[in-house]
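Peer 1: These protein sequence lines are chains V and Z, in that order.
Be aware that the first sequence starts at 1, since it is given in the working numbering, and climbs by one per residue.
Be aware that the second sequence starts at 1, since it is given in the working numbering, and climbs by one per residue.
It should be emphasised that the hints constitute simulated quantities derived from the structure, not laboratory data.
The structure displayed is predicted, hence computed values, not measured ones.
Any given hint could be a false lead.
Said to hold, decoys possible - Restricting the straight-line Cα-Cα distance to at most 25 Å, the calculated cross-link-like pairs of lysine to aspartate or glutamate (DMTMM-like) are: (1) Z:210 x V:228; (2) V:227 x Z:54; (3) V:248 x Z:222; (4) Z:6 x Z:54.
What the hints assert, rightly or not - Here are some of the chain Z residues that sit facing chain V, going by a computed Cβ distance under 10 Å: (5) 14; (6) 20; (7) 22; (8) 24; (9) 26; (10) 28; (11) 42; (12) 43; (13) 44; (14) 46; (15) 71; (16) 72; (17) 133; (18) 158; (19) 199; (20) 220.
Glycine is no exception: its CB is placed at the ideal position from the N, C-alpha and C atoms.
Listed here are the chains, written in short residue letters.
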Amino acid sequence: MEFLTNEEGFLRLQKDKLWASPSEVVVSLLANKANSLENVKELLGEQNYKDKIQMLQHQKAATLKVLNEFTHRALLADEVGLGKTIEAGMILKEYIVRKLASKILILTPATLTLQWQEELRSKFDEDFFANKPEDWDMHDKIIASIDTAKTERNAKLICSQNWDLLVVDEAHKLKNKQTLNYKFVKKIPKQRFLMLTATPLQNNIFELWNMLDLLHPGFLGTSKQFKDQYIRDNKGLEVQHGDELRKKLGRIMIRTLRKHTNIKFVDRKIETILLDYTSEQLKWYQDVLIFVKKQYVSLNKEEKKSVESSSEDSEEIISQVELKQKAREYQSKGILGFRLIMLTRQISSSFRTGVKALERYSQDIDEEMQQKEIQNLVMRGKQFLEDQKTDMLIKLIKKAKTKVIVFTTFLESQKNLLIDLAMQNISAIGFNGTMNLQEKEAAINLFRNDVQVLVCTDSGSEGRNLQFAYIIVNYDLPWNPMRVEQRIGRVHRIGQEHDVHIINLAFNDTVEAYILNRLYEKIDLFKTAVGDMDTILAELKTTKSFETMLFESFITADTDKEAKQNVDKVAEQLKDAKNETEKIKSFDEKIFGELHIGDNHE
Amino acid sequence: MSDILKQLFESFLEAKEINYKLKDDVYTIHFEKPYDAIFGEKAKCTFNKDKEKDGEIKLIGHGSFMISKIISEYSDKPLLVGLKIKPKQKGIIAVQDKIDELQEKEKNGYIATYKVSEEKIQLRWLTVRLEVQAALQKEIQAMTLLYHDSLDPIVNKDELLDVNYEKLSQVKLDIKKEITCAQKILEKYLAHDLKKKQEYHAEFIKTETKLKDEHYQQLMREADMIVQRAVQKIEDTRSAALKARSFEKMYERGAEKKKEEKKLKEREKEVVGEKELLRKELLNEIDQIKHIKFKAKTEFLSIGILEVEMFIIAYSNGKTYKYIPELQVLEKH
Chain V
1 MEFLTNEEGF LRLQKDKLWA SPSEVVVSLL ANKANSLENV KELLGEQNYK
51 DKIQMLQHQK AATLKVLNEF THRALLADEV GLGKTIEAGM ILKEYIVRKL
101 ASKILILTPA TLTLQWQEEL RSKFDEDFFA NKPEDWDMHD KIIASIDTAK
151 TERNAKLICS QNWDLLVVDE AHKLKNKQTL NYKFVKKIPK QRFLMLTATP
201 LQNNIFELWN MLDLLHPGFL GTSKQFKDQY IRDNKGLEVQ HGDELRKKLG
251 RIMIRTLRKH TNIKFVDRKI ETILLDYTSE QLKWYQDVLI FVKKQYVSLN
301 KEEKKSVESS SEDSEEIISQ VELKQKAREY QSKGILGFRL IMLTRQISSS
351 FRTGVKALER YSQDIDEEMQ QKEIQNLVMR GKQFLEDQKT DMLIKLIKKA
401 KTKVIVFTTF LESQKNLLID LAMQNISAIG FNGTMNLQEK EAAINLFRND
451 VQVLVCTDSG SEGRNLQFAY IIVNYDLPWN PMRVEQRIGR VHRIGQEHDV
501 HIINLAFNDT VEAYILNRLY EKIDLFKTAV GDMDTILAEL KTTKSFETML
551 FESFITADTD KEAKQNVDKV AEQLKDAKNE TEKIKSFDEK IFGELHIGDN
601 HE
Chain Z
1 MSDILKQLFE SFLEAKEINY KLKDDVYTIH FEKPYDAIFG EKAKCTFNKD
51 KEKDGEIKLI GHGSFMISKI ISEYSDKPLL VGLKIKPKQK GIIAVQDKID
101 ELQEKEKNGY IATYKVSEEK IQLRWLTVRL EVQAALQKEI QAMTLLYHDS
151 LDPIVNKDEL LDVNYEKLSQ VKLDIKKEIT CAQKILEKYL AHDLKKKQEY
201 HAEFIKTETK LKDEHYQQLM READMIVQRA VQKIEDTRSA ALKARSFEKM
251 YERGAEKKKE EKKLKEREKE VVGEKELLRK ELLNEIDQIK HIKFKAKTEF
301 LSIGILEVEM FIIAYSNGKT YKYIPELQVL EKH
């Protein structure tokens, strides 16, 4: 046994005659008692997140179960929409608060790393590093995409460290022992291990054995023993001795189904309003698109600018971290390339926002001809007095006579909308990522108690529960389906009592209209169940962000027809991913329907 | 648990002589240096959820900044202890109830006589943080041990939280000697528990290694079977060629055999390659498992002396009890 006797410290205390007072001794006894992990009945971390999440009974039960009954290895396999990430966050926080984990690694699909980072930051006050692998060794808490982590160089770094906790999201991707991912995760030295998946079963039950053998080697015996004991057929589609298997799985796996929770899930009602531009407006819009296209093609390495030089845009998207990620993705075209995507989106949001963005863009252009072209577009844009989208929004709000959340991606649009609404005597308040915590709290309280409209940016709304409202207007449309889901998720969540109304505003013949009609409607995005979008996006076989895929569909097309075809291709990919998810769900239902692992929580 | 937190919070304020008022579950506190910089000069807080008011009265509890700060400060701070317990009841009154209880037990049909003597003893005080790291688990727990030559170690007594303490005026403590002694006591006290944990750890490694080994054997058997089947197939083709009725057929089957042989040789090579890879992988896994070390670490958080009153109840039948009323410790000798 190793002893850290602290001898020097005690000798110093004695020399300085610093004997503890009776009350200090009592405080120390109490502090140690309060910090003990023996039989956890209360969650020490709860105070940190209780205001930020609506903690559900099954989540607390699952957390306590993992802490008290499991061997610190668990497969969190709740059905979609029941908050597995929250459960993982609660367990993680508990380990941190109790000083049982300081070195933590979270591996997720590339599409979900930033979402994890945001959730842990906004809900659990935990800052995880999700950036360049070169800097990983300088951080103790890291989120990485499994594909980045497993490259030879990065894997070496990860496997040379002892992790107190490893979390793997979308763990069903580790269903095959022969894959590099499986072998990589197996090699990572770890004390505690959480695996998350909503679909622990995909093709056959042997895959579940593979996952659980990775989580807790030997727990279910060898694959042959497992097969002999629990599987009736060679394909691994029928189980036997179900009770025994259920008991065994209940010691390593948490599986809560919606039907076991009595949680009411309301419906979503979708309305898309497509407005018409005037002929001048349409011409202007198309001319800006042509300009963007020309710019994109002509960008070369000399025009690359560093990420830091474009701080104006950073306020308007999700976070600095995301900005940096996007900029990395666009390294070949420089930050200007990224700003062109934003510009395309800004002109769709509103004329005023688009014009402002053009003005800003012109500051980074030195070439005289291009400057003139931008100036011309700016001048023409400024002449549009009519704003059909805002007029429609005002009509909708007046008609609603209840609380309405208006989402826009851009601060500029938010600012203009607040002015427009005030001029119409509609009480409204803004909410965005530049506000500090107190300002945010005050805004939410005002919206809850006095004000009819909350005009919200995506970054502002993250992690907030606004289920006291049930009407959402998408003033402009995110190009990333996960963002759409997150917007809706602010109100369509557990605790919502009304059906949620989602109203999308867009102009005909714009990129947004394509996205709405050809992409989002194809996968029935707005009706996708809470939490399903994560699973669908994780199924998507791409290394690029959705926004990039869409932008490239337009920018690389020579004709309108080709652009539409390109968007259709993206839509097909998304649809395939959705179908795959559906298929998996039905097999899962078949086997776990028999096993009822969810009984653990009843 | 929140009672412990309340007690912790109030004890902290008292220990630091921080001015506070408690009214209707709400603490109004004036912090002075150095705590004003950490918690602000004035604070209103409560453990009662119903009393929480936005921006005015903060709810505190597990995980809140204030409580976390206190816990982390005190659970890591080394303390030198020199205390005595002020008895709530003095002399025979303190022990009367216990004697009544023992009388029932000891009389056995005759009247048991006894003598009671009282003495002050100095228990050694030791608080340690124990960290055990095994194959699947890491445990951290804090324990307070009181020990004395004439008694078994007294561990984690909740009564320590409810007694009245006084500072000992003169404490003589040879720190080096105390630490050496504490190490021995601790080792002896933890031996059984650690042995059990170590056995579990070793058992786990043994089972894991066995399972891996079985898995390895199974894979090797499977690979052998594939090779066997291939050899058999070559043999079958060869005998079919030899049994052919015509020369052309024989030639044809011979060519077929050669083709088949080539294909199967390739497969065999593949299987051997896979086998080699699996062998390496599994042996590596087995090696990794074998090298997971069992570690136990203790960190001394406080040492010192606690003076208590002990009663020795000696029965005429030869049995003797040692009783420390304030800690509810009763030992038969």
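Peer 1: Confirm or reject each hint.
Peer 2: Hint check results:
{"no.": "1", "hint": "Z:210 x V:228", "in the structure": "18 Å, holds"}
{"no.": "2", "hint": "V:227 x Z:54", "in the structure": "58 Å, violated"}
{"no.": "3", "hint": "V:248 x Z:222", "in the structure": "28 Å, violated"}
{"no.": "4", "hint": "Z:6 x Z:54", "in the structure": "21 Å, holds"}
{"no.": "5", "hint": "14", "in the structure": "5 Å, holds"}
{"no.": "6", "hint": "20", "in the structure": "13 Å, violated"}
{"no.": "7", "hint": "22", "in the structure": "16 Å, violated"}
{"no.": "8", "hint": "24", "in the structure": "21 Å, violated"}
{"no.": "9", "hint": "26", "in the structure": "17 Å, violated"}
{"no.": "10", "hint": "28", "in the structure": "20 Å, violated"}
{"no.": "11", "hint": "42", "in the structure": "17 Å, violated"}
{"no.": "12", "hint": "43", "in the structure": "15 Å, violated"}
{"no.": "13", "hint": "44", "in the structure": "17 Å, violated"}
{"no.": "14", "hint": "46", "in the structure": "13 Å, violated"}
{"no.": "15", "hint": "71", "in the structure": "5 Å, holds"}
{"no.": "16", "hint": "72", "in the structure": "8 Å, holds"}
{"no.": "17", "hint": "133", "in the structure": "7 Å, holds"}
{"no.": "18", "hint": "158", "in the structure": "8 Å, holds"}
{"no.": "19", "hint": "199", "in the structure": "15 Å, violated"}
{"no.": "20", "hint": "220", "in the structure": "13 Å, violated"}
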